[in-house]
Amino acid sequence: MKPEKNISKPEPRIITVLKKMIEDKKVIHEHLSKGGKLSELEAKGFKFVKFL
Numbered sequence: 000m001k002p003e004k005n006i007s008k009p010e011p012r013i014i015t016v017l018k019k020m021i022e023d024k025k026v027i028h029e030h031l032s033k034g035g036k037l038s039e040l041e042a043k044g045f046k047f048v049k050f051l
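In numbering that gives the first Met the number 0, the protein residues as written are 0 to 51.
Be aware that a few hints might be false.
As the list claims (entries may be wrong) - With a straight-line Cα cutoff of 30 Å, these simulated DSSO-like cross-link-like pairs (lysine-lysine) come out:
#	residue 1	residue 2
1	K24	K8
2	K19	K4
3	K25	K8
4	K25	K43
5	K4	K18
6	K33	K43
7	K19	K46
8	K46	K18
9	K33	K4
10	K8	K43
11	K33	K19
12	K46	K33
13	K36	K25
14	K33	K8
15	K24	K43
16	K25	K4
17	K49	K8
18	K46	K25
19	K18	K33
20	K49	K36
21	K49	K24
No wet-lab data here; the hints were simulated from the structure.
Keep in mind the model is a prediction, meaning the values are calculated, not measured.
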């Protein structure tokens with residue numbers, strides 16, 4: 000089989016969302032590694048998935 004070239008331009012909106020996710024991950028990691036609590040992050044506007 001001949002490989003297809005599926006190279007397309009990524010949408011700027013998707014790139015922006017991914018960059019924001021990476022920034023948020025870094026902020027959350029730094030906060031928790033310094034002994035911070037999730038409730039403090041929630042107060043700042045972060046939202047987390049809560050499992051039942």
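Do the hints match the structure? See the list:
| no. | hint | result |
| --- | --- | --- |
| 1 | K24 to K8 | holds (25 Å) |
| 2 | K19 to K4 | holds (29 Å) |
| 3 | K25 to K8 | holds (27 Å) |
| 4 | K25 to K43 | holds (15 Å) |
| 5 | K4 to K18 | holds (26 Å) |
| 6 | K33 to K43 | holds (16 Å) |
| 7 | K19 to K46 | holds (14 Å) |
| 8 | K46 to K18 | holds (17 Å) |
| 9 | K33 to K4 | violated (45 Å) |
| 10 | K8 to K43 | violated (34 Å) |
| 11 | K33 to K19 | holds (21 Å) |
| 12 | K46 to K33 | holds (19 Å) |
| 13 | K36 to K25 | holds (15 Å) |
| 14 | K33 to K8 | violated (39 Å) |
| 15 | K24 to K43 | holds (14 Å) |
| 16 | K25 to K4 | violated (34 Å) |
| 17 | K49 to K8 | violated (35 Å) |
| 18 | K46 to K25 | holds (15 Å) |
| 19 | K18 to K33 | holds (23 Å) |
| 20 | K49 to K36 | holds (15 Å) |
| 21 | K49 to K24 | holds (17 Å) |
Checked against the numbered hints above, the structure violates hints 9, 10, 14, 16, 17; every other hint is satisfied.
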